[in-house]
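Residue numbers (the numbering used here), protein chains in the order written: chain A, 1 to 130; chain B, 1 to 130; chain C, 1 to 131; chain D, 1 to 131.
What the hints contain is simulated information worked out from the structure, not anything from laboratory work.
Cβ atoms here follow ideal geometry from the backbone N, Cα and C, with glycine treated the same way.
Every clue listed holds true.
Each computed SDA-like pair below joins lysine to any residue, with the alpha-carbon atoms no more than 25 Å apart:
hint, chain 1, residue 1, chain 2, residue 2
1, C, Lys76, A, Gly109
2, A, Lys96, B, Lys96
3, A, Lys96, B, Ile77
4, D, Lys76, A, Ser13
5, D, Lys76, A, Asp57
6, C, Lys76, B, Gly12
7, B, Lys96, A, Glu90
8, A, Lys96, B, Glu95
9, B, Lys96, A, Arg82
10, C, Lys76, C, Asp45
11, D, Lys76, D, Leu61
12, A, Lys96, B, Gln64
13, D, Lys76, A, Gly54
14, C, Lys76, C, Leu61
15, C, Lys76, A, Gly111
16, A, Lys96, B, Gln61
17, A, Lys96, B, Ala88
18, C, Lys76, B, Glu55
19, D, Lys76, D, Asp45
20, B, Lys96, A, Arg56
21, D, Lys76, D, Ala108
So the derived label-pair ranges between C-beta atoms look like this:
hint, chain 1, residue 1, chain 2, residue 2, range
22, B, Phe21, C, Gln63, 21 to 27 Å
23, B, Thr118, A, Glu68, 49 to 55 Å
24, C, Asp85, B, Gln64, 39 to 45 Å
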Amino acid sequence: MNYALLVLAPPGSASRAALGFARAACARGHQLERVFFLDRGVENGMGTAVAPQGERDLPAQWAQLASEQGVELVLCISSAIRRGLLDATEAQRHEKVGPTVAPGFTIGGLGLLVETCTDCERLLTFGEGC
Amino acid sequence: MNYALLVLAPPGSASRAALGFARAACARGHQLERVFFLDRGVENGMGTAVAPQGERDLPAQWAQLASEQGVELVLCISSAIRRGLLDATEAQRHEKVGPTVAPGFTIGGLGLLVETCTDCERLLTFGEGC
Amino acid sequence: MASDTPKASGQAEPPRLLLVTRSPPYGSSLARSALDTALAAAAFDMAPALLFLDHGVLQLLPQQEGAASETRSHGKVLDSLPLYDIDRIYVDAAALLHFGLQDMPLPAAAEVVDSTGIRALLEGCDHILSF
Amino acid sequence: MASDTPKASGQAEPPRLLLVTRSPPYGSSLARSALDTALAAAAFDMAPALLFLDHGVLQLLPQQEGAASETRSHGKVLDSLPLYDIDRIYVDAAALLHFGLQDMPLPAAAEVVDSTGIRALLEGCDHILSF
Numbered sequence: 001m002n003y004a005l006l007v008l009a010p011p012g013s014a015s016r017a018a019l020g021f022a023r024a025a026c027a028r029g030h031q032l033e034r035v036f037f038l039d040r041g042v043e044n045g046m047g048t049a050v051a052p053q054g055e056r057d058l059p060a061q062w063a064q065l066a067s068e069q070g071v072e073l074v075l076c077i078s079s080a081i082r083r084g085l086l087d088a089t090e091a092q093r094h095e096k097v098g099p100t101v102a103p104g105f106t107i108g109g110l111g112l113l114v115e116t117c118t119d120c121e122r123l124l125t126f127g128e129g130c
Numbered sequence: 001m002n003y004a005l006l007v008l009a010p011p012g013s014a015s016r017a018a019l020g021f022a023r024a025a026c027a028r029g030h031q032l033e034r035v036f037f038l039d040r041g042v043e044n045g046m047g048t049a050v051a052p053q054g055e056r057d058l059p060a061q062w063a064q065l066a067s068e069q070g071v072e073l074v075l076c077i078s079s080a081i082r083r084g085l086l087d088a089t090e091a092q093r094h095e096k097v098g099p100t101v102a103p104g105f106t107i108g109g110l111g112l113l114v115e116t117c118t119d120c121e122r123l124l125t126f127g128e129g130c
Numbered sequence: 001m002a003s004d005t006p007k008a009s010g011q012a013e014p015p016r017l018l019l020v021t022r023s024p025p026y027g028s029s030l031a032r033s034a035l036d037t038a039l040a041a042a043a044f045d046m047a048p049a050l051l052f053l054d055h056g057v058l059q060l061l062p063q064q065e066g067a068a069s070e071t072r073s074h075g076k077v078l079d080s081l082p083l084y085d086i087d088r089i090y091v092d093a094a095a096l097l098h099f100g101l102q103d104m105p106l107p108a109a110a111e112v113v114d115s116t117g118i119r120a121l122l123e124g125c126d127h128i129l130s131f
Numbered sequence: 001m002a003s004d005t006p007k008a009s010g011q012a013e014p015p016r017l018l019l020v021t022r023s024p025p026y027g028s029s030l031a032r033s034a035l036d037t038a039l040a041a042a043a044f045d046m047a048p049a050l051l052f053l054d055h056g057v058l059q060l061l062p063q064q065e066g067a068a069s070e071t072r073s074h075g076k077v078l079d080s081l082p083l084y085d086i087d088r089i090y091v092d093a094a095a096l097l098h099f100g101l102q103d104m105p106l107p108a109a110a111e112v113v114d115s116t117g118i119r120a121l122l123e124g125c126d127h128i129l130s131f
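From just these sequences and the hints, can you work out the full model?
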């Protein structure tokens, strides 16, 4: 099966569930093309966030999965920049420090989400209520 | 009257209400010692956030009020660093880009909130439900 | 003659893309993110159907003059949907009843659907995005 | 003899600092922020009273083994409150009833309060922080 994920939930149990699903799908040999992070979901890609002691560094774990399995991690650009998640280009454009997006994540438009809908066989949403 | 504010709400109507209250209190000659931002409230001090067109730049407006009226703007340190809001010291300590905290804001411990409780005559909370 | 019969929801062709929006227009930006996604899909020639479910029906409340600015702009985006060929709008009948909004004016394209209609929508479409 | 009478809530000295926590233990970090603030206040010799109101009573549910980790750690912090001299814990009677939790075991220091008791607490204390 060719999967894609839409993550709307900020770091927490629902986004950990998304990461767990992504790992399980890859482990079973399914294809995971892309994870699109939208709304508060983009907070999972905050590169300057420091995980509290004893908690897992979610952006690093997503990035590890992405590099091992060739998964594309895309943060919705409008959700991202209003929350202070900037790649090098956006940081320069808006004259802010950066990049604040975690390694392994890129920024892209909602068109990529629409493209994902049509390209994959199944797209699962992970929202606040999981 | 000697006021202080606790802001728990992220950028949005409740935090705009807090800013409006702060301005009105200062305009009427009341003293506003400190605004303490806790939990998602710290997101009001995100220096890399870019306000969408047509929306107000909340961190800049808080900073303007602070410099004009001598108000201290403090972000709770544990709420801040887990959300990627770092001052120069924290950015260096955790080897991240920074500072990502907006100008005019500082980072401090919850002890400052406790101190605020005892020092001011009235402390108002602005939460998610306003 | 049969070809002139107005389409009922059970007979309309199932939408390729269905966006389900369950959040109220305040307290989070999820309602707005759903509409932004709808507009983006329309721009990519994939105008979606929209289903306002649960608290999502509160997005259809008439906008108050004094309302918070994000609520006002939400209403403007809703009004613009037909311009983007988003003309299939479904509204959860049970939620309208729950909130006492049975008599609320709805967008011209809106169709009120019961649980059977909702199930048919969810099962019939190719892709669902749930906000 | 009168001095030996156990204190009832109406007779106890009003708390200087009252933290009101109204959020469930999931879905946001507000419940945890309230407890963090309680521990900080205790560290500054200002041990607060805690009032679990509305959905806040759900924070007192026994922790499930399989529960999300943030919920488990919330339970641990709750258990540690007496060690920080936070021994005045009030629980909203109406909310317990609403959620069917009248028979739930409560922390040893907890006292169930009705609306009159809640009003007395809110009016009597010097400072309120509401989460």
